[in-house]
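Asks: Here the protein sequences come in this chain order: A, B and C. With the first letter of the first sequence counted as 1, position 114 gets the number 114 in our numbering; the numbers rise by one all the way through. With the first letter of the second sequence counted as 1, position 221 gets the number 221 in our numbering; the numbers rise by one all the way through. With the first letter of the third sequence counted as 1, position 127 gets the number 127 in our numbering; the numbers rise by one all the way through.
One should not assume that every hint holds.
[Unchecked claim] Taking lysine-lysine and the BS3-like style, the derived pairs with C-alpha atoms no more than 25 Å apart in a straight line are: (1) C:44 <-> B:301; (2) C:134 <-> B:301; (3) B:184 <-> A:267; (4) B:210 <-> A:267; (5) B:296 <-> C:134; (6) B:176 <-> B:143; (7) B:184 <-> A:64; (8) B:94 <-> C:100.
[Said to hold, decoys possible] Cβ pair distances, simulated, as ranges: (9) B:258 <-> A:64: 51 to 57 Å; (10) B:247 <-> C:47: 47 to 53 Å; (11) A:73 <-> B:180: 39 to 45 Å.
Since the hints were made in silico from the structure, they are not lab data. Where is the CB? At the ideal position from N, CA and C, for every residue including glycine.
Residues per chain, in single letters:
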Amino acid sequence: MSASATTIDHAAPPEAGPRALIRRLRHGDEVAHLLTLVFAAGILLITSLLVYELWINSHLSRAKFGWPFFWTRVWDPVFDDFGAAPFIYGTLITSVVALLIAVPLGLAVAIFLAELAPRRLSDSVAFLIDLLAAVPSVIYGLLGIFIVVPLVRTTIGPALINTLGRVPVVGAFFRPPNYGVGFFTAGLVLAIMVVPFIISVSREVLLTVPRDQREAALALGATRWESTWQVVVPWARTGIMGSIFLALARALGETMAVTMVIGNDPKIAASLFAPGYTIAAVIANEFTEATGDLYLSALIELGLVLFLMTFILNGLARILIVATERGGGRPA
Amino acid sequence: MMRKSLLVVSLLLMLGAAGSAQSPVLLNAAGATFPYPIYSKWFDVYHNEHPNVQINYQSIGSGGGIRQLLAGTVDFGASDGPMSDDQLSQAKFKILHFPTVLGAVVPTYNLPGVTAELSFTQKALAGIYLNAITKWNDPEIGKANPGVNLPAADIVVVHRSDGSGTSYIWTDFLSKASDDWKSKVGKSTSVNWPTGLGGKGNEGVSGLVKQTPYAIGYIELIYAVQNNIAYGKVQNAAGKFVKADLAGVTAAAESAAKEIPDDFRVSITNAPGATAYPISSFTWLLIPAQISDADKRDAIKGFLKWMLSDGQKYNEGLTYAQLPKAVIAKETKAISLVQ
Amino acid sequence: MSRLRLLWRKSLNGIMLSLTGVAAFAVVSVLFLILGYLLFNGGKSLNWDFFTKLPKPVGEAGGGMANAILGSLKLLLLAAVFGLPVGLMAGIYLAEFGSKTFSFVIRYTTDLLNGVPSIVIGIFAYSLVVLPVKHFSTLAGGVALAIMVIPITVRSTEEFLRSVPGSLREGAMALGASKWKTIATVVLPAASGGILTGMLLALARVAGETAPLLFTAFSNRFWSASWSQPTASLPVMIYTYAIATYDDWHRQAWAAGLVLLMLVLLANLGCRLALSSRGSARSA
C-alpha cells in the first residue's frame, strides 16, 4: 500500500465496509467531494425552507381563494378580496421589456469591451460598470423619477406612439395616454439596472475564450465580426446565458426602483404606457402596513406565485438552451 | 482585519464609557411614518435630558408598528390609525392608545393656466376619487369656484401606492363625505382605488402631481408647507371652505375633545365647528398596559409625561398641531394605567 | 468567393463592429451619467460630520451617518462570512464533482433563489432569526444578505472554474496531484479573477439592498452595541431619508448613496490589488 495519502490506486478493486469508508474518507478527494456536496445541498435546504415558510404563511389566502387567485383581477384590502392577475401580468411585461432592451445592448457592449477595446480601457470601463451593481435600487428609483419619467412622458413616449404605435399588431402596445410612469418606464429602468450584470459577466466569459479559436476562424478567412459572432460568442454561450439568468432574476424580484416608476395601479392594459403593478412592488409597498391576517397571507401567496413564475421561466429558458445546443459551444 | 476588529472593539469600549453612570435603558419602537420627524426630535431631546434612556424609533409604517408590537419584537408602537377591536383582541396583552400630535392631509393639484386657489366640496373630492367626476369643468367643482375658468380636461387622479396613515385619514374622510365611497371602497391604509396612479410616499404623490398636467393628489400638510406646494381648500361639516393650517387642525381636535372616549380611539375627520379643518387626525403611541421591566416602564412613563408637557412645545416648529389642553389633561391621568 | 459576397461580408463586419461601439458608447455614457449624478448630488452634501456623527432629528443641521456606515460594514462582513463560502463550495461542487441530476437540481434551485424578491428573503430571515428571539438584530440582517450573496457566487464560481482549460488540470494530475489538490492549487488560482469578480458583484449587489434589512437589522438611531442589536445601515437610511419630506435629509440620502458606492469601490480595489500581488494567471 503506498504511503502517500494523496495518490489513488486505480487498479485496486473498490473496498467495502465501515473501515473501508474511513479509509476512503482519509483520501482528500472524498472529503472534498463530501464537503462541497454538503454546501451545495445547503442551498437546496435553504430554498426548501423558504418555500415551506411561504407555503405555511399563505395558507389562509390559499384556502379562501384557491386557484382563482391566479386570474382574479381585484386587489381590495378593505373588503378582503385578493387576486394575483394584474401583478403576474406586470411582472412578466416589465421583465420582458427589460430583457429586450438589456440583452442586445449588454451583449454588444460586452463584445466591444472584450474583443475590440484596448485592454486597459476595457478593464477600467468594466471596473466602473461593476460598481453600478452596488447602486441601491432606491437611487435608481429616484433617478427614474427625476430623469426617466419626464423623458418618457415628453420625448420617448410620443416618439414611440407616433412610430411603432401605427404599426398593426405591435401598435397595440404603444398607445396613449402616457403619463410617464408605466410598464415601459419600469422596463427601461430595470434594463439600466440589469445591464451591468450582463456586461460584466459576459465580458469576463468572452475573455476566457481561447485565442486559438479566434485565430482559427480568422485563418479560415472569416471577418472579425464573423469570427466573433459565429465562433467566440457561441463558445461563451453558457456563460452569457448565465448572465441573462442573473439579469432576469434581478428584474423579476426588483422592488424599490420599480414601485417608484410603474404607477402602482393593479390593472391589466395592453399599452406599455399604462400604469401597472408588479408582485415585488406590491409586497414592498403593502407588507409593512398590512395588519389583517388574510391580507398578509395574500401578500405572501403573491411571493409564492412569483416563486412559481421564476420556476417556470427558468425551466422554459433551459429548454431553449438545450434546443439550441447544436455544438460550437465549449465542451461541457 | 486585525485593525478593523481593534477599531470595533475600541468603539464599543467608548460606547460603554459614554453610557454614563446609570445602566442604559434601551427601548425599541416602530410605527407610523407621518409623525417620524417630531418623534425623532422628541426622542433626541429626551435622550439629551436623560442620557441613560435610548429610544430607537423606526418608521416602518403604522401597520408594521402594530404587527411588531403584537409580535413582541418592539417595546411600543405608533400608528396613524387607531387599532381596531379585532387587532386589539389579537394581542396577548392590553394595549393603550396615547395621542401625540395632530396632523392634516391636503389636496394638491396641477392645473396649467389656473392660478387661483381652488375650493373643493366633499362631494367633489369623493366623486373625483370614485371616478364619477372625470373632468375638471364638472359643475360640482365649478360651483365651489365661481369665476375660475376650469378646463374641460380629464382629471388624472393620484393616490398613495404604499400603505400609509395618510391614506387612512384621506379615506376615512371620504367615507364620511360619501356613502358611495364607504360602501364601495372603505377606509384603510391601503384600499382598492377605483382609479388613479400610485405614488410612493408624499414625495411620490407630489412628484407625480407636479409632473402631470391636470393631476390631483393628497399629501400631508407638513409636506406641503415644507416644500411650498400649493394646496386647495376643503369644505368642512359646517359648510365652510377651510384652508388647512395648524389652527384649523387644533379646532377640529377641540370639538372632538368634548366627546373623546377613554381609550382615545377617535376619528376627528369631518369634525363639527366653523373653523375646523375636516381632514385632520390624531396619531397615537401604542403602549402595553403591563410592562414587566421596571426600568423600561419608568422610562416610558417618564417620556409620556414629558411628551405631554414639554414635548408639545416642539410641535409647531415642525408644522404639527398641538394637542388640545383637554386631551392632554385626560392623557396625563391615563399614564397611571401603565403598570 | 464572389466579389459581391465579399463586399457584403466586409460591410456587415464594419457595420456590426461599429454598432457595438455605438452601443458601448450609449450604455457607458448613461452609466457614467448615473455615477456623475450621484457624485455631484452626493458630493455636495459630504462633510466630515457625515462620517463621524450620529443622525440628528429633522430640522437640525449637521449630524451624519457614522453608525450607518459601520452598520453596513458589519452586515457585509456577515454576508461575506456566511454566504461566500457556501457559494464557493457549491460552485466547486458543480464544476468539479457534480452528478448529472443532482447538479441540475442545484443549479435550478440557485437560479430560483436568485429570483426571490429581496423583501421575501427579508421576511424569511425575520421568521427564522427574529421571531424566535423576539428582537431585531444585526445577525438577522447578515443572514438575509448572506442568502442573497449565494446564488451569484455559485454561478460565477462554477462558470469560471469550468473555463480553466483541461490541459491545466491534466498537467497537474500527470504530476501526481490528486483531484482536490489540483483544484486547490491549480484550478482555483487560475479562475480566481473571475470568481473574485463574481463575489464582489454579489457583495456589491447586497450592499445596496434595503428591503431585506427592514425586518431583520431594523435600524438604529444610536450605535449598535452588539451583533444581537438592531443596526443602522446605509441603504435603509437612504430609503428613509429619500422618501421623507425634508430637503436636508434628501441631500444626506444622496451623500449616503455616494458613500455606499465608495465603500464598494474600495472593497473592489482592495481585493483586486491583493489578488494581483499574488500573481494570478488568466488564460486569454
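Asks: Against each hint, give a clear statement of whether it holds in the structure.
Replies: Verification of the hints:
Taking the CA atoms of residue 44 of chain C and residue 301 of chain B, the gap is about 42 Å. The hint is violated against a cut of 25 Å. With a C-alpha separation of about 23 Å, the suggested pairing of residue 134 of chain C with residue 301 of chain B holds against the 25 Å cut-off. Pair hint residue 184 of chain B plus residue 267 of chain A holds up; C-alpha atoms about 18 Å apart against a cutoff of 25 Å. As the CA atoms of residue 210 of chain B and residue 267 of chain A are separated by approximately 23 Å, the hinted pair is consistent with the 25 Å bound.
Distance check on the hinted pair: residue 296 of chain B and residue 134 of chain C sit about 16 Å apart at the alpha-carbon level, within 25 Å; holds. Restraint check: the Cα-Cα separation between residue 176 of chain B and residue 143 of chain B comes to about 21 Å, which is no more than 25 Å; the hinted pair holds. A threshold of 25 Å between alpha carbons decides the hint, and for residue 184 of chain B with residue 64 of chain A the separation of about 21 Å falls inside it, so the pair holds. The suggested pairing of residue 94 of chain B with residue 100 of chain C is violated, with an alpha-carbon distance near 58 Å, which exceeds 25 Å.
For residue 258 of chain B and residue 64 of chain A, the hinted distance range of 51 to 57 Å is not satisfied, since their beta carbons lie about 43 Å from each other. Between residue 247 of chain B and residue 47 of chain C the beta carbons are some 39 Å apart, a value that contradicts the proposed interval 47 to 53 Å. Between residue 73 of chain A and residue 180 of chain B the CB atoms are about 21 Å apart, so this pair departs from the stated range of 39 to 45 Å.
Figure legend: structure checked against the earlier numbered hints; hints not met, in rising order: 1, 8, 9, 10, 11.
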